[in-house]
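Undergrad: Sequence:
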Amino acid sequence: MPPFTSSTEAVERTGGSSSWAVPEAITLAKDFAAAFIASAALSIPVTIIDKAVVENATGANTLGASMRTALVKLLTTPHKFLTSREYFVVHGVYTATYLAANWTDSVCEASSRSNKIPKLASTTLVNLGAAASKDRIFGIWFSGKPPAPFPLVSWSLFFVRDLGTMATAFSLPPAISQSMVERDYSPSTAKYVSQIAPVMAIQWLTVPLHLIAYDLYVHKLGSGRTASDRLAFLRQKYTETVGARSMRIFPAFGLGGLGNTWLRNALLGKPQE
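Per the numbering used here, residue 1 is the first one in the sequence shown, and the count goes up by one each step.
The set of hints was computed from the structure by calculation and includes no laboratory data.
As the structure is a prediction and not an experimental result, all values here were calculated from the model.
Treat each hint with caution, since some may be false.
In silico SDA-like pairs for lysine to any residue, Cα to Cα no more than 20 Å straight-line [said to hold, decoys possible]: (1) K119 <-> I196; (2) K116 <-> S194; (3) K119 <-> T226; (4) K134 <-> L63; (5) K191 <-> F170.
Using the sequences provided together with the hints, build the complete structure.
TA: Listed below in structure tokens is the structure:
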């Protein structure tokens, strides 16, 4: 890949056709602001859900009780919720993901290049690492067990889970959106539904990976837990976890993604899509 250069250098050396250009600092700063603000709102429900899923999967609490406790904390002492370690971690994950998308867009725009493949690559790489790290941290913090090394197999299951989610999020929406528009749905409705529905559907396939990853942290290989024990655990937790993981799709892929795009366009003076 050609080296990164400033916009001026790119024009002087190549006429702007073959080198990558670095956007102005103010553009990068606005990209960061959009990512940070969009992530702040969506991270509230995602934090509540993700913590509840971990506590439920590891036996530290039930799904409903964990959510109620978090909601009470949010409503009665919002400053404590918004400065909690779990909120900071979730906010960091989504800020990093949206920032990767925004900076990729800005670099591609400054370089007059397509953003499709670079944006897919940058957001996937950032989100894979950040999301898996967040889930590991939540497992250690909220399992109710003494902190222990996180098994490599659990890391692997998180990565496979997120690869499936990201592949679905990038590959299916265009076809679904086009099909809905052809059936007389408005473009805005088609765009929103096509971004949300596939990722919600894939939860039925990825939730077992999520649950087993945590079960392997709490009950490590060689601990005496049998395959039938793990299957019984899956049957017990599966449906409610799919429901919870699907709920988080609305803020994560809807509110956050659309909000980040809207804020970025507004800050950069671009027309809203």
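Undergrad: Tell me if the straight-line CA distance from K116 to S194 falls inside 20 Å.
TA: Holds, at about 17 Å.
Undergrad: Please verify whether K134 and L63 have alpha carbons no more than 20 Å apart.
TA: Roughly 19 Å separates the two Cα atoms, so the pair holds.
Undergrad: Decide if the proposed pair is consistent with the structure: K191 and F170, CA atoms, cutoff 20 Å inclusive.
TA: 12 Å, holds
Undergrad: Hint check: K119 vs I196, CA-CA at most 20 Å. Holds or violated?
TA: 19 Å, holds
Undergrad: Given the proposed pairing of K119 with T226, does the C-alpha separation stay at or below 20 Å?
TA: 42 Å, violated
Against the hints set out earlier in the document, a violation occurs for number 3 only.
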